[in-house]
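Peer 1: Protein chains in written order, with my numbering: chain Y, 1 to 682; chain A, 1 to 682.
Please note: incorrect hints may appear among the correct ones.
Stated by the list, open to error - List time: in silico DSSO-like cross-link candidates among lysine-lysine, alpha-carbon distance up to 30 Å:
1. Y/Lys365 x A/Lys365
2. A/Lys104 x A/Lys236
3. Y/Lys184 x Y/Lys457
4. Y/Lys153 x Y/Lys594
5. Y/Lys332 x A/Lys457
6. A/Lys55 x Y/Lys372
7. Y/Lys365 x A/Lys372
8. A/Lys314 x Y/Lys314
9. Y/Lys457 x A/Lys337
10. Y/Lys668 x Y/Lys55
11. A/Lys365 x A/Lys337
12. A/Lys372 x Y/Lys332
13. Y/Lys372 x A/Lys332
14. Y/Lys372 x A/Lys365
15. A/Lys40 x A/Lys55
16. Y/Lys296 x A/Lys594
What the hints assert, rightly or not - A short list of chain Y residues far from chain A (calculated; beta carbon distances all over 12 Å):
17. Gln124
18. Pro351
19. Gln451
20. Asp461
Don't read these hints as lab results, they were simulated from the structure. The C-beta atom is built at its ideal place from N, Cα and C for all residues, glycine as well.
Number of protein chains: 2
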Amino acid sequence: MKFIHLFGLITVLSMSTRFVRGDEGMWLFNDLPVDMLRQKYDFEPSAEWAEHLMKSSVRFNVGGSASFISSSGLVLTNHHVGSDTLFKLSTPERNIMEVGFLAKTTAEELKAPDLELNQLVNIQDVTETVKQAVTSEMTTEQAVAARRAVIAKIEKEALDASGLKSTVTTLYGGGRYHLYQYKKYTDVRLVWAPETAIAFFGGDADNFEYPRYCLDATIFRVYENDKPAKIEHFLKWSADGPVENDVVFVSGNPGRTSRILTMDALKFQRDLNLPYIMSSLRRQEILLQQYGLRSKENARRARDELFGVQNSRKARLGMLAGLQDPQVLADKAAAEKALLEAVNADPKLKPLASAWQTIAETTQKRAELLGKGVAVNSHLFGIALQLVQMAEEDQKPSGERLPEFSEAGRESLLQQLYSEAPIYTDLDQVLLADSIAKTLEQRGFDHPLCQEILAGKSPSDRAAELIGGTKLLSVENRKAVAAGGLQAIVESTDPLIQLAKIINPEVRRIRVITDQLDEQDKQAYAKIAEAKFATEGTATYPDATFTLRLAFGPVMGYEQDGQQIPAWTNMGGAYDHEKTHEGQTDYVLPASWKKSADGLNKETPFNFVCTADIIGGNSGSPVVNRKGELVGLIFDGNIQSLSGNFVYTDKQARSVSVHSSAIREALKVVYGAESIVKELGK
Amino acid sequence: MKFIHLFGLITVLSMSTRFVRGDEGMWLFNDLPVDMLRQKYDFEPSAEWAEHLMKSSVRFNVGGSASFISSSGLVLTNHHVGSDTLFKLSTPERNIMEVGFLAKTTAEELKAPDLELNQLVNIQDVTETVKQAVTSEMTTEQAVAARRAVIAKIEKEALDASGLKSTVTTLYGGGRYHLYQYKKYTDVRLVWAPETAIAFFGGDADNFEYPRYCLDATIFRVYENDKPAKIEHFLKWSADGPVENDVVFVSGNPGRTSRILTMDALKFQRDLNLPYIMSSLRRQEILLQQYGLRSKENARRARDELFGVQNSRKARLGMLAGLQDPQVLADKAAAEKALLEAVNADPKLKPLASAWQTIAETTQKRAELLGKGVAVNSHLFGIALQLVQMAEEDQKPSGERLPEFSEAGRESLLQQLYSEAPIYTDLDQVLLADSIAKTLEQRGFDHPLCQEILAGKSPSDRAAELIGGTKLLSVENRKAVAAGGLQAIVESTDPLIQLAKIINPEVRRIRVITDQLDEQDKQAYAKIAEAKFATEGTATYPDATFTLRLAFGPVMGYEQDGQQIPAWTNMGGAYDHEKTHEGQTDYVLPASWKKSADGLNKETPFNFVCTADIIGGNSGSPVVNRKGELVGLIFDGNIQSLSGNFVYTDKQARSVSVHSSAIREALKVVYGAESIVKELGK
């Protein structure tokens, strides 16, 4: 459930409700539900407990979560969160994705080409400053600029004062603004990874299902000044793991939920946006499958991207199924009706009612834009477009730039842009050709922009010419273009940069429109949040924003099709699961597990479920007990949890974790990684 | 390149052009290009030669071609044409698709549950009769009824007079009407099928590619009165097969081409219809893949349908790529411009120019209808809807019914409706749930029809209820419903019949609209055909209509990416091909081939290409030499041939055949089918 693939135009939104259901909630670390925890679980998290957990938590900027697990910088995350790096470190001769990896000494640890890890160290409420910068007299265009400027200023000042990565996060869809400050680790090295065959045992078929038997874990180490970093806050390994029915806590970065959406916005998701995204994902999936069928090496090259697409497709299917369930929508509609009635009944709140109309209008405009963008895309084209836009944006002061080019984010931007990770030009050409064809279909072949893009050739001939002619595969050349500034872009004869210059004005035109729609939504959802605070109270949590949140709930099974699904599986079950699916792809245990079958304690708990409220982005989150000890590692949610994007339920929805004991047992018995086991808890 | 999956709203259209290119042409057997053959190949087909070939040719009503190859009723076709039957005859215990089949004696031959084979025995021009029935004073609605009535009358009278299956075929999009009469074989038994592993060696990756190494062949036998049928016209097996660069002839049933389409209609295909169909196919493909991943038995159940979808998807991709090539479109546009100028310059022809405007208008209406149908579909739902419509239609005289329910076609209809072929309810439920979800997406969840379909449940819950509750799995129950007539339908409490009754009015509403658009197109394309006959002459051929045609061209290789692709492969090449793709799915030769590796003459030619103009539906067509002897078996076209749907080229486009010698060698050495070999040519 990694979230990397972000399609569509949904902005980050928020939710509030007085009566959260069951263990609903992705809580802010600076606003934990202390009363609820005391009442429900007789547990009161101390400030130290919370700070320790917060600072032991790690964010993977590629779209996942993690935690520190030793004083010498060991970081535990999912195999599928690390797989982007495992893939980049792999070659046909050393396919880490397939055979796994173990560094026997720190000298053998492999440096990731472009990983950035973030440790949250400080949160500050800057709502007043941001809100004061945007006045009700401003046009939407002015409001976009003013908000962008004040946020860039806050971030720049915070960065200059602290040296920390500083990001203003919009919460409750615009109701609150918090400044998040992170310590950044960019020297990250691979220590251990199991084979994909056991990390993703059961493959796409078992993804988002339960019971499961996956060792979806990988260990990295962060370095500073070429030495293992000294880490003050890290999680101690629990001796026994979690106890059934007791509460556990998940500290991670849920990517995005949309629980505050109005009915109009939900219907847009259900009838238009999600079907459109699904269709795009299926297209990408078949394309990558077809490329992969041509040879084993092709399959290897496409694998990581294919997994990401399949994962997204299955996740969206779950979300859409939730919205297509009449009961889910009926509950939502009733809640909205009640809120609107309360707002209209109160003269002080009544002016807020216009927010719903605003959302109806922005939603209509989003519907009109759907599928009308420029679909052209590939890794190398993305680099070309970024170089073109960066040269243009750098002509402006930081506060007036598109946020991704502002000074506060520059370092992270360049790390991606200048990554030495391999780009396979044959695959990139296939992606480019298909995305050109898609643009023709979306805009109509005869559209002047399409004719400019094609330059008289078929999509595949044009892609061959572009990828064959570009010099952007070389990082040195990218740096040279960037160093030349706007002049170098204007004069460039690189065919991909020339294509980017053709497409850039249209990309910017659409960006202006969507930025303004986002601004209108922010103002509207801020009003809706205000209405909710006024009628339902403030003891609540905002929608997910890929920032650190605390979720919790007991370890417990559930009923499905009349059967009781137990909370646990054990390691022996993996062997039975293989037997049941004999001969099927993705159900073959790796050689290491077959060799260790006798030595392994088969009773060791393997995977387990709990009711904690998570979503894509939470992958790799540590699961801890009351004492703050590591008892598990989130890696998935079951299929019933996917509608959690819109509404939480704990009837069947469950988070799925690898049990901490299984990781230790596998490290010891299967992988002979005694040195890691020794280091845990140190 | 089987064509079974017909999506969208394209009608059968026709083409004519004075200067056909290279070996362009799918020629009518009653209007063969005798002059061209004499001039180009110094070959003059006698009337006997043509009649013998025509009567030796066989049509598979599931969507393919074939030929008689013995006096005792042996029929040769492709494995992938027969696979529908192979699949229906398979069970988890006897998976014919996987392990193949050989009947050692006629007693062991397996009866197909619902195959219908047609042998064309007579063609008659009925253009005048049909045209006189439709006058220019009629409204479109009246024209639809009048044309339907006169065609039903011709067919009924022909059936009554001859006992032959009689079908009026619309040629040149409405320019000509011919009555085709067929001898029908419905007792068809399986004699021999190889393993899918060698029939479809290289799988989806190699499909529509060349060079190839596929034994895509299967042999059936037709029976009459429970005995092998006596066949007068059958093809003798050539001793040596085809000679390079010499002309060969293909006699088969190309399904549909669209070469006469106006630019407006082509742009609709390019920008809207083909992208829409591709998107539907990808959805179906992923759905079937996902179902198949769950278990080996699921994979078996979904396999045949999955192959059909993948095959269609790849074929459409090739067609779309052709239309997205600016050069292809430029040629088409220039030809249309020249024709329109000639029409407008000639006062006698000028009234025909309105046809282009008509097509522009019908195309616009088709665009508005696209994706606005009712997508609900599954095998069992299809049966329910057919029962409902049949009961209604049977209230009317045959000539007023929807054509598929007229008396002339009744026997073929009932053979399908009462087929004992297995329907897997778990798969059917998955198909039904997804098609309900698709309907919600296409019409909007809140549409009253969608609400009626859902009945308050989610798509998957509703599908479970419908499939769980229906009694239509039993053929006896279907017959009982049909016997009860309209009354039985009205009173039926079967949930699928109830759903069909809900959906039927909307299906009919759309049918009326598309029938009228088709009628307008027929009248318009008749005018365009007239304009072409007047300006370019009549020595031409109509677009494909899934009726028997003759195509021809020399056996010859082609150049691709600077490389010369030879016309032939040989059987030894299959073993090399396996080695090159070691470990990849679909590149593993079956055990029988491994065992026979030494005994096989590896120099035996395996597959070959020629320039004959074919398309989906030609699969299984016999390839014969000047003497009318069987030298090959069409099973595919290369990727470059797919744009042949819109325009023929012989630069790289090639038809791909199994060499007759390879079939004989495999029967002898690999399958030990001496009795079949002996029977060939008898």
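Peer 1: Next, verify each hint and record whether it holds.
Peer 2: Hint check results:
1. Y/Lys365 x A/Lys365: Holds: Y/Lys365 and A/Lys365 sit about 25 Å apart, inside 30 Å.
2. A/Lys104 x A/Lys236: holds (22 Å)
3. Y/Lys184 x Y/Lys457: Violated, at roughly 46 Å.
4. Y/Lys153 x Y/Lys594: violated (57 Å)
5. Y/Lys332 x A/Lys457: holds (16 Å)
6. A/Lys55 x Y/Lys372: Violated. A/Lys55 to Y/Lys372 sits at ~53 Å, over the 30 Å cutoff.
7. Y/Lys365 x A/Lys372: Given pair Y/Lys365, A/Lys372 holds - Cα atoms ~22 Å apart, limit 30 Å.
8. A/Lys314 x Y/Lys314: holds (23 Å)
9. Y/Lys457 x A/Lys337: holds (22 Å)
10. Y/Lys668 x Y/Lys55: holds (28 Å)
11. A/Lys365 x A/Lys337: holds (24 Å)
12. A/Lys372 x Y/Lys332: holds (28 Å)
13. Y/Lys372 x A/Lys332: Distance ~27 Å between Y/Lys372 and A/Lys332 Cα, so the pair holds.
14. Y/Lys372 x A/Lys365: holds (22 Å)
15. A/Lys40 x A/Lys55: holds (26 Å)
16. Y/Lys296 x A/Lys594: Measuring from Cα to Cα gives roughly 22 Å; hence the hint holds.
17. Gln124: Nearest chain A Cβ is 43 Å from Y/Gln124, so the label holds.
18. Pro351: Given that every Cβ of chain A is farther than 12 Å from that of Y/Pro351, nearest at about 29 Å, it holds.
19. Gln451: Not fine: 8 Å to the nearest Cβ puts Y/Gln451 too close to chain A.
20. Asp461: For Y/Asp461, whose nearest Cβ neighbour in chain A is about 8 Å away, the distance does not exceed 12 Å, so it is violated.
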